[in-house]
Amino acid sequence: MNTTEKDIELFDSYMNGTMSDSDRAQFEERLRGDEAYRKAFELHSEVVLGIQRKELKAMLQEQEKAGQEHATTTKRRPLVIRISSILALAACLFIGIIIVHDAFRMANLGGDYIAQLEQPVPRGSGVEEILALIYKDLQQGNYSNAQENIDKARQLIQEEQSIAYPTEEETEYHQQMLKLDSDELDWYQALMYAKTHKIFKAKKLLKQIAKSESSHKEEAKTLVEHK
Amino acid sequence: MMTDQQIIDGFRNNDRKIINGFYAANKGAFLNHFRNSYGKSDEYLLDLYQDANVTLWENIQKGKLGKMTSTLSTYLFAVGKYKMMANDRKFKEMTTEVDLQNLNLIDSDAEEMEEKEEKERKIDEIVNKMTYPCSDILRMHYWEKLSGEEIAMQMKYASTDAVKTQKYKCMQKLKQAVMAAF
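Just so you know, the sequences run in chain order A and B. Numbering-wise (the working numbering), the first sequence opens with residue 1 and increments by one. Numbering-wise (the working numbering), the second sequence opens with residue 228 and increments by one.
There may be inaccurate statements among the hints.
[Claimed, not checked] Pair by pair, the computed Cβ-Cβ distance ranges are: (1) A/Glu46 - B/Asp274: 19 to 29 Å; (2) A/Lys201 - B/Met380: 54 to 64 Å; (3) B/Lys396 - A/Asp34: 21 to 31 Å; (4) B/Thr298 - A/Lys201: 51 to 61 Å; (5) A/Arg38 - B/Gln403: 35 to 45 Å; (6) A/Ala36 - B/Ala385: 30 to 40 Å; (7) A/Gln26 - B/Asp274: 23 to 33 Å; (8) B/Ser268 - A/Thr4: 41 to 51 Å; (9) B/Ala407 - A/Thr4: 17 to 27 Å; (10) B/Asp242 - A/Arg82: 36 to 46 Å; (11) A/Val80 - B/Tyr359: 38 to 48 Å.
[What the hints assert, rightly or not] Some chain B residues near chain A, calculated using beta-carbon distances under 10 Å: (12) Asn247; (13) Tyr250; (14) Val281; (15) Trp284; (16) Lys310; (17) Lys346; (18) Asn355; (19) Glu371.
It is worth saying that the hints were derived from the structure and are not from the lab. Since the model is a prediction, treat every value here as computed from it, not as a measurement. Cβ coordinates follow ideal geometry from the N, Cα and C atoms, glycine included.
Whenever a hint applies, use it, and build me the whole structure from the sequences.
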């Protein structure tokens with residue numbers, strides 16, 4: 001039997017299950033009654049299965065090949081991986097020991113410097129009053145309070161920096177005072193970081209202080225470079 | 228974890244991820260079982276495993292797994308056993324047809340089965356010789372299940388009607404080759 005384009009569309013539709021119930025019943029009726037049509041449909045199904053089988057086999061072969069390639073690479077890998085893992089672990093352990101050792105050294109030195117801090121004398125400015133509170137917090141080991149006060153003081157410095165005084169000299173004087181307060185605040189902050197084992201933050205700030213014109217630049221250098 | 232029904236649906240829809248996942252998940256146990264029980268070579272067993280997966284897929288497409296009482300993995304192992312039986316006469320004595328009929332693996336006598344398999348082999352040979360554009364258009368339509376619009380777009384056909392006509396010509400060519408072979 002010669003199948004038409006329409007027959008093929010019907011065969012596909014039946015195989016895909018996209019036919020309506022009535023169309024399917026009609027189609028199945030024809031399959032039962034028309035042998036040539038049934039044979040044409042069987043041939044169509046066999047060829048379609050053949051096409052799909054070909055693709056499935058190709059896909060499984062591809063999967064097999066990928067699996068074999070993976071197995072070959074993993075077979076070659078173990079020794080390299082083992083050596084690299086051991087080296088990486090040893091490096092991590094070494095770095096870890098250095099960091100922990102450094103953290104404790106800085107905490108001890110930070111504690112010494114905190115103990116040696118001179119008590120600030122408030123000369124009437126708000127920032128200096130807060131500095132006195134921070135000093136007290138540090139001496140008592142009340143670091144969360146100290147941090148809150150440091151933040152407050154920074155905020156105040158920022159506000160005061162924008163104040164314009166009647167004369168240029170006065171403005172310059174106040175700016176210098178604020179700079180000194182800011183330097184003092186940085187030093188407190190760095191010591192607090194060191195004491196509380198925030199080693200990376202402490203080092204970053206100490207290096208910054210060591211490069212600045214702060215009155216604590218030498219102490220900062222000693223603290224950050226001490227081996 | 229996927230249920231057997233989800234895997235069957237995946238096979239029915241030619242879902243690459245699900246088919247490959249099932250293939251990978253059962254491969255080790257299948258090869259070990261057949262290697263230990265029947266002492267076959269790895270090369271033979273790998274072919275057997277792929278054939279068993281193809282048969283599983285075919286039986287799902289034909290709706291033969293509707294009333295399954297075993298798990299899909301057990302079914303796959305039974306397919307492997309059946310395939311081995313078909314390949315090896317000695318092995319045939321070790322397996323009863325009742326077992327295989329229970330799993331819907333055989334639905335006709337041995338001679339008829341052999342004829343069927345021979346026909347399949349010839350169809351596969353003919354299909355494998357298909358060239359462009361038939362290889363692409365039929366793959367997209369029957370395997371990837373793309374719509375006429377999607378195929379037209381990918382293969383740069385002017386319309387879906389052009390796709391239908393080309394698909395029809397390709398199928399006619401294949402069918403004529405199959406008919407000529409028998």
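The hints, checked one at a time:
no., hint, in the structure
1, A/Glu46 - B/Asp274: 19 to 29 Å, "22 Å, holds"
2, A/Lys201 - B/Met380: 54 to 64 Å, "57 Å, holds"
3, B/Lys396 - A/Asp34: 21 to 31 Å, "24 Å, holds"
4, B/Thr298 - A/Lys201: 51 to 61 Å, "58 Å, holds"
5, A/Arg38 - B/Gln403: 35 to 45 Å, "19 Å, violated"
6, A/Ala36 - B/Ala385: 30 to 40 Å, "34 Å, holds"
7, A/Gln26 - B/Asp274: 23 to 33 Å, "43 Å, violated"
8, B/Ser268 - A/Thr4: 41 to 51 Å, "49 Å, holds"
9, B/Ala407 - A/Thr4: 17 to 27 Å, "20 Å, holds"
10, B/Asp242 - A/Arg82: 36 to 46 Å, "38 Å, holds"
11, A/Val80 - B/Tyr359: 38 to 48 Å, "44 Å, holds"
12, Asn247, "5 Å, holds"
13, Tyr250, "6 Å, holds"
14, Val281, "6 Å, holds"
15, Trp284, "6 Å, holds"
16, Lys310, "14 Å, violated"
17, Lys346, "7 Å, holds"
18, Asn355, "6 Å, holds"
19, Glu371, "8 Å, holds"
Hints 5, 7 and 16 from the earlier list are contradicted by this structure; the remaining hints agree with it.
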